[in-house]
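Trainee: Assemble the complex: chain P is given as a structure, and chain E must be docked to it using the hints.
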Amino acid sequence: MELLFILLITAVAAALSLIPLGKRFAPLVTLVASLAVFFLSIQAALATLRGGEVVAIQDWLACDSLAALILLLAAFVGLTAAIFSWGYINAIVEPGDVRKIRRYYSRFNLFLLSLLAIPIFANVAMVWIAVELTTLFAVFLVSFESTPQALEAAWKFIVLTGMGAALALFGVLLLYWGLRLGHPGAFTWTGLLAAAPKMPAALRNTAFLFILIGFGTKVGLVPMHTWIPEAYSQAPSPICTLLSGIETSAVLYCILRLLPLFPRAAVSRAGMWFIIFGLISTGVAAFLMLKTKDYKRLFAYSTIEHMGIIMVGAGLGSFAAHLGAMLQIVAHAITKSLCFFAAGATLMATGTRNIPAIRGLIRISPLAGIFLMIGGLAIAGAPPFVVFLGEFSILKAGFVHGHYLVIGLLTLFIGVAFFSIMYQINQMVFGSPDIILIDEQSLFGRSTLPGRNILPPTCIIALIITCIPVIVCGVYLPDQLYQLLHNAAAVLGGYR
Amino acid sequence: MSDPDLLFSFLTKLNALTGGVFLLVAFGLVAIRQMLTCLRLYVFQSLLLAISALMLGYHYGSIHLFVVAGLTIIAKVFIIPWLLRRTVGYESYAKREISQAINIPASLLIALAITIFAYFIANPMLTAAHAGIFARVNLPIGLACLILGAFTVTVRREAVPQLLGILAMENGAFFAGIAIAPTLPLFAELAAAFDVLIIALVMGLLTMKIHKTLGKTAVGELIALKEE
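Same order as they appear, the protein sequences are chains P and E. Numbers in our numbering are just positions in the first sequence, counted from 1, shifted up by 32. Numbers in our numbering are just positions in the second sequence, counted from 1, shifted up by 2.
The shape of chain P in the complex, shown without the other chains:
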């Protein structure tokens, strides 16, 4: 029943957020709701550890280990984003504009609802609808600041992902056709798995390609990635964490679900597509990071890079590589949240998104500087952090099975990405303190003098909460989490 409650609570919170009861009411409701959702999803995840699959409504709402992992991450990122939003949204809307705050939280909850629905829905057609709704609910969050740039970003976002969704819809309908040909079961992931041996190969392959390309636009695979840097640079930071940390992984989860449908002999061909798209995405993103002049764009490209790494890990096809990919999904979700929160803190402290304009951030705002440095190191894949663990296990798994070319290229791209991120972050964090405002007006109407802008306490709390797992999971994974990752990787059915 947890699953039903998770959806209901978020939906109710979206409605309650619209009630005009002062400017603290909507954030408080959102916070309480996301906290409840977080505990319920922990419960659901633990239940999958005990019983394999949690079913709320047969054939409609159900969660296996892989889905529970995505659900847990969505709930965690949703919780921290709700905490961070409190201070951040207060800072960016004009004082007294309570309506805008209410509207923000209502849309935030709806967006979170659609994200939570992706792993919870069992019917594939409903999953497609949930994915489409993530776009539709997020559009006005991306254009929240109503600047011409934000509107342009929102338009590109909806046009590209709308096209992708239509292509994926065709793929989903083909899957349904294939299911009906030899099997009377329900149109769920498990039903598909049961029907897979009887499904004609031509149908399955075409459906796979349409879904890969269609949902690939949402995941941000190169060359369908162009909306990602634009939307991420314009959206408010807490929305970026949801878009980057969860939305991408949740949609990627839908693509990963297709992998077990292929028989052993054909899985390497599907895996080949994963590896090709993954390597291209990782490589292109790694080099684009070197050139960019906006730190939110930097993290956007890093999202594309990490999706590429996960795709390669999933495509390698061995159980160990799948385990690495699962770990990388977790690592990316929590670390990228930290990065975008730190980016939001930096934006609040300096008022600009321009990398060359900021020098000596560590003295302008020590907290923003320290967290940006930790986030940068962690996302680039420096050793003690959890991203390193994920990347290392993928590389090792590929190496053991002799995919030397793929692993060589991946290592090269990860190296370039590491260099790019550290080069850009170093430039901002160290040096003598200075903010050069070139073209952007001072945001938030706050002081542009160094050291004057103090971060709101809720933002600091959100930063600390996300920072803990980023550091801890790098050296120690709790047993239950490891077991969950293990079961989730087993769902993908890789060879041992």
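Hint data in this document are derived by calculation from the structure and do not stem from the laboratory. Treat the hints with caution; some may be incorrect.
List of simulated lysine to aspartate or glutamate pairs, EDC-like, C-alpha gap at most 16 Å [stated by the list, open to error]:
#1 214(E) / 177(P)
#2 132(P) / 177(P)
#3 188(P) / 129(P)
#4 132(P) / 85(P)
#5 211(E) / 177(P)
Mentor: Same frame as chain P, now just chain E:
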């Protein structure tokens, strides 16, 4: 020839005709510059989708397809045009689109190539699935309209035709869908119809916001975010 056979052959021919006109409308969306005409074409295309669903529903004896036809007519023939006129505003429709990324004869030629390509993709699937006569018409045409819609979005620079391109893509997917997935759960069908409505609403509102803020809706010319 007995009566049901006659009816069957009549239905297949009528469905093929509907499919042909459906494809023609997709070509029209690529090329026609008058925006109000584009919107009318979209409505006409949705109507054709509903007609095809009715015929298939009669043939398969499927209540699902009758519901699909009803939902399509309510959502796409009545509500969406009304929504788009309300949100986008009349002045945006009265305009003609001046510049396109590719000129019209060239884009029609590409559209033709896309259609042939769609048949090329659809054929192996139809053979593998031993598809019936309706799927043989609807699948390739739906697929062609899906890709043509994507092509429309890329060559058009104005917001309204881009929006209609995306909606036409969904129409194409459903045109194939009614033949290959006639028994999709009703709840999913309802949700999908609702979903299309939200797409139209959200994109219409966004177009209005862009029009208000920037004074134009030529979204293809927005370059504020280009990186040097």
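Trainee: For each hint, tell me whether it holds in the structure or not.
Mentor: Here is what the structure says about each hint:
1. 214(E) / 177(P): holds, 14 Å
2. 132(P) / 177(P): holds, 10 Å
3. 188(P) / 129(P): At roughly 28 Å apart (the allowed maximum being 16 Å), residue 129(P) and residue 188(P) break the hint.
4. 132(P) / 85(P): At roughly 41 Å apart (the allowed maximum being 16 Å), residue 85(P) and residue 132(P) break the hint.
5. 211(E) / 177(P): holds, 12 Å
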